[in-house]
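Trainee: Sequence:
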Amino acid sequence: SMRSERYDSFIDLGEEGSVVTPEHLLTLKDQVSDASYPGMTILSVTEPRYRCDGKREPNPRGVRCRRLEAQYLLIVARQNIIVNVRETIEDRLRLRLLGILPTPIAEAAATMTMEEMALGCAYVNIGGGTTSIAIYQERFPVALFVLPLGGNNVTRDLTQLSVPLLESDAENLKINQGSMNLSVSRTEEIIATSADGSSTKHFSQLEVNRYISARILEILNNVVSIIHEAGCGESIPKGFVFAGGVTKTNYFFETLRKLSPEYRKASLRRDIYEEGVDNNLLANYITEVALVAQASEPGVTYELRPLESLLQEQPTTRSSEPAEPVVQPKEEEEESYTYTTISEAQHLPLDDDEDDFFDYREESYRHEEKREPKEKGPSAFERLKSGLSKGISSLFGESDGGDDY
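Numbering follows my numbering, in which position 212 of the sequence shown is assigned residue number 212; successive positions increment by one, without gaps.
Where hints are given, some of them may not hold.
Below, computed lysine to aspartate or glutamate pairings styled on EDC-like, alpha-carbon distance capped at 16 Å [to be verified]:
#1 K29 with D12
#2 K55 with D8
#3 K201 with E188
#4 K29 with E69
Think of the hints as simulated: they come from the structure by calculation, not from any bench. Quick caveat: nothing in here was measured; it's all calculated off a predicted structure.
Assemble the whole structure, with the sequences as input and the hints as a guide.
Mentor: Here you go:
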């Protein structure tokens, strides 16, 4: 639905070279208007990365060179999506649409530190229907990917448990009782009780956790694979910044810690918001705040009127006859369940053949959400790739990579 496209433009300034002027930079930018992609619409064009005679130059104005190059990253989206958005906002709601912003780029710009952007980092948002990946290097976005995988896949997996579930009940089970912890006791159960108490369902906590863990690890494996295929595996020494609803799954970050990548949980950068704002509120509205921070012009129009004119307005009178109440047809309610966990006094470790599929080392983990590398070794990308490879192989078997959705 949305992706990035690299576009290179250049100007030859002669054998003897010439001093770069603002007109030269404008010519490079005008070349971007020639870019077109079938069935896609260009949403935005990032700031360019310049090169003078092949050498990186942050600000080429005033520099003498023979060849001036500019590399742009174009964010494109399917045309039908853009048409639907414009019809909804402008035609139906009668609102003025100033522009459409690519959310992954806005979120990454509001959550990554300047050091992460400069040295190289990947912002990963695992949402309900999609997983977006924005890769930054040298303070510029270098790639954007959107995968059709997310929390909805986990929910659909849970409908295939040994005890059948409706998708709505599977969603509640995932949110309220789901976890990636595979060290729970084999005897631990989840009891689902219907709203009227007429029926109950029993689930194995370990089975539920295995379904959830398998799908989330597959999503992470796809993230690593697409970064590797894009040639950006060595471009993210600062690791990953994770966001999205799936990252709220119990034991998600503990699992990442065991995989040993360089990572941290997404949070808004301090210069984005003012002091005194509730941190819990900020954590729940990262996307909204990030999009607002990208606004470059006011989107609300207003009219100044004298106070006297407002006081002279007469309120509209309402009819004294009571309106007849509108009887709404009563919808048939779906049977819903509440979940209760029945466990032993303590969680017992699994047997060797049913233990966690990771080959974990025994070590004491820090409480910080992001680990600092102690010594030079495998990169954050390689550590995550290796750990996921072991996890997926042990879970699905060497020859079966799991179902694709």
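Trainee: So, for every hint listed, does it hold in this structure?
Mentor: Here is how each hint holds up against the structure:
1. Of the pairs offered as hints, the one joining K29 and D12 holds, with about 15 Å between alpha carbons and a cut-off of 16 Å not exceeded.
2. At roughly 15 Å between alpha-carbon atoms, K55 and D8 fall within 16 Å of each other, so this suggested pair holds.
3. A threshold of 16 Å between alpha carbons decides the hint, and for K201 with E188 the separation of about 14 Å falls inside it, so the pair holds.
4. For a cut-off of 16 Å, the pair hint linking K29 to E69 stands: about 11 Å separates their Cα positions.
Comparing the model with each numbered hint stated earlier shows that all of them hold.
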